[in-house]
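Novice: Given next are the chains, with one letter for each unit.
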Amino acid sequence: MITIENISKAYGETKAVQDVSLTVEAGELFGLIGPDGAGKTTLFKILVTLLLPDAGQATVAGRDVVRDFRALRAVVGYMPGRFSLYPELSVEENLQFFATVFGTSIAANYELIREIYVQLEPFKNRRAGALSGGMKQKLALCCALIHKPEVLFLDEPTTGVDAVSRKEFWEMLGSLKERGLTIMVSTPYMDEASLCDRIALMQTGKVLAIDTPTGIERLFEKPLFAVKANNTYRLVQDLRKAPFTITCYAFGEFLHLTTKEGIVENDIENYLDGRQHKALEIRPIKAGVEDSFMDLMQHG
Amino acid sequence: MDKAVTTNKLTKKFGDFVATNEITFEVSQGEVFGFLGANGAGKTTAIRMLCGLLMPSSGEARVAGYDVYTQSEQIKQRIGYMSQRFSLYEDLTVRENIRFYGGIYGLSRADLKTKSARIIEELGLNDAANTLVESLPLGWKQRLAFSVALIHDPKVVFLDEPTGGVDPITRRHFWDKIYEAAHNGTTIFVTTHYMDEAEYCDRVSIMVDGRIEALDTPAELKRAYGVDSMDGVFQILARGTSGK
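Taken in order, these protein sequences are the chains called A and B.
299 is the number that numbering that gives the first Met the number 0 gives the last residue of the first sequence; the numbers go up by one with no jumps.
243 is the number that numbering that gives the first Met the number 0 gives the last residue of the second sequence; the numbers go up by one with no jumps.
Please keep in mind that the hints were generated in silico from the structure rather than gathered at the bench.
From a predicted model like this one, the values you see are computed outputs, not experimental measurements.
There may be inaccurate statements among the hints.
As the list claims (entries may be wrong) - Quick list of the computed label-pair ranges, beta carbon to beta carbon: (1) A:159 to B:23: 22 to 32 Å; (2) A:121 to B:231: 56 to 66 Å; (3) A:263 to B:224: 30 to 40 Å; (4) B:107 to A:295: 19 to 29 Å; (5) B:13 to A:230: 26 to 36 Å; (6) B:5 to A:107: 32 to 42 Å.
As the list claims (entries may be wrong) - Counterexamples of contact, computed for chain B against chain A with all Cβ distances above 10 Å: (7) 20; (8) 24; (9) 47; (10) 98; (11) 104; (12) 137; (13) 160; (14) 174; (15) 175; (16) 195; (17) 198; (18) 202; (19) 229; (20) 237.
We treat Cβ as the ideally placed atom computed from N, Cα and C, and that holds for glycine.
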């Protein structure tokens with residue numbers, strides 16, 4: 000449904016997207032995962048025909064992003080990272096505006112947005128600018144859907160959004176996917192990666208890896224341990240000095256310790272013995288997407 | 000030990016709307032205190048009152064030993080503040096930003112010189128000292144903003160979503176700095192949407208609809224709510240009526 004072949008884009012000296020290639024199947028929920036400056040927004044803008052690539056080709060729903068830009072615009076929905084509805088128009092007026100621009104009506108495609116829009120309907124006469132963050136996001140999603148697109152592009156819809164609203168948003172994406180929509184979504188939150196069918200990890204304009212979340216986790220090959228003790232600050236300091244340590248980073252309540260080959264729990268315990276750590280816990284663990292990302296960033 | 004922050008039934012109303020509703024808590028000197036809540040739960044209003052920027056409607060609060068009603072200027076001199084949105088001047092160089100903030104906080108010329116050199120050295124910014132902040136990568140900006148927020152050795156530093164948007168390694172380097180500052184006795188008052196970061200705090204409070212619904216160590220909160228992560232605790236508690 001989306002094919003990207005060797006796309007590059009630079010802004011002056013800054014190479015925003017460098018030789019990116021990937022394909023997204025129809026009905027797939029595909030995630031672009033990476034921090035600010037990874038090139039996610041630039042790639043989105045190229046795919047929805049708002050930017051011309053410097054090199055490479057891409058098609059969305061069979062339409063070329065340069066040659067067939069008009070036809071392409073009719074079949075994609077795009078929710079930019081920044082709030083970009085009309086703050087002076089009401090909730091209903093915004094929706095009506097987007098429906099009219101695409102030559103349709105709210106009534107014609109109401110079924111597609113019903114689940115989301117019912118939560119907004121009590122406020123349909125409120126100015127969009129006066130909505131709370133979570134509601135603005137829901138309205139933006141409705142506006143991106145109202146012309147019944149084949150492919151939906153969502154650029155960092157959950158950035159700066161609290162953990163509860165993020166979860167709700169991903170539940171909405173799940174039910175849109177069930178309706179057969181192809182969705183490409185970007186996020187800086189690694190924990191959202193597991194909610195996608197496949198993901199591309201991006202960093203400074205390049206794709207580090209493309210796979211299913213499980214596949215990405217399997218790319219991590221070094222020994223990995225979760226370690227915890229009563230004083231985290233001292234534990235980090237001690238472990239970073241250990242001869243077997245490659246990296247040691249905080250991961251929630253545990254530290255994730257990557258070591259050289261052949262290291263087992265006992266080696267770590269022996270090293271920490273005599274350094275006055277209380278309530279010490281050490282266990283080998285499987286890597287998550289974030290472990291893989293950090294590893295690829297450094298050595299990929 | 001002296002408390003860095005104490006509040007008693009601290010309240011702020013905007014017309015009929017109660018943004019912060021009788022919150023009572025204490026934060027110790029050198030503690031890493033996580034201040035969590037859904038969007039619109041009242042965190043920003045509470046922080047603005049504690050920073051001496053917003054007069055409370057009722058209740059009490061002391062920060063670094065000073066009263067928020069009558070001694071807001073003394074508070075401002077003894078706290079640091081950093082947010083993702085506003086921290087540094089993009090069109091000033093690294094060195095100029097340090098000098099500007101040092102000047103604002105009344106550092107002596109000699110002091111400013113030493114601090115400036117130390118910050119640039121520590122952050123490895125020697126080659127970039129005279130470049131405009133706007134051209135620095137986001138991760139560098141954030142570390143610089145944090146160092147600048149600590150330039151006057153504040154008792155308490157308020158960090159409002161300090162790590163948004165950065166890569167996972169930079170995010171962890173940032174937390175190393177937070178731990179280091181806390182280890183040196185600075186109280187850290189931090190908000191975040193990353194639930195793994197909530198686990199790094201000594202204690203965490205969770206605000207729901209203007210009230211503090213829970214306040215304890217991450218371990219104790221997880222035990223109390225019978226879940227194995229702070230995300231679990233947050234999902235149970237924070238589904239208030241805000242943002243709906």
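Novice: Next step is simple, just say for each hint if it's right about the structure.
Specialist: Here is how each hint holds up against the structure:
no. : hint                       : result
1   : A:159 to B:23: 22 to 32 Å  : holds (28 Å)
2   : A:121 to B:231: 56 to 66 Å : violated (30 Å)
3   : A:263 to B:224: 30 to 40 Å : holds (34 Å)
4   : B:107 to A:295: 19 to 29 Å : violated (47 Å)
5   : B:13 to A:230: 26 to 36 Å  : violated (42 Å)
6   : B:5 to A:107: 32 to 42 Å   : violated (59 Å)
7   : 20                         : holds (18 Å)
8   : 24                         : holds (20 Å)
9   : 47                         : holds (18 Å)
10  : 98                         : holds (27 Å)
11  : 104                        : holds (27 Å)
12  : 137                        : violated (5 Å)
13  : 160                        : violated (7 Å)
14  : 174                        : violated (6 Å)
15  : 175                        : violated (7 Å)
16  : 195                        : violated (4 Å)
17  : 198                        : violated (4 Å)
18  : 202                        : holds (13 Å)
19  : 229                        : violated (7 Å)
20  : 237                        : violated (5 Å)
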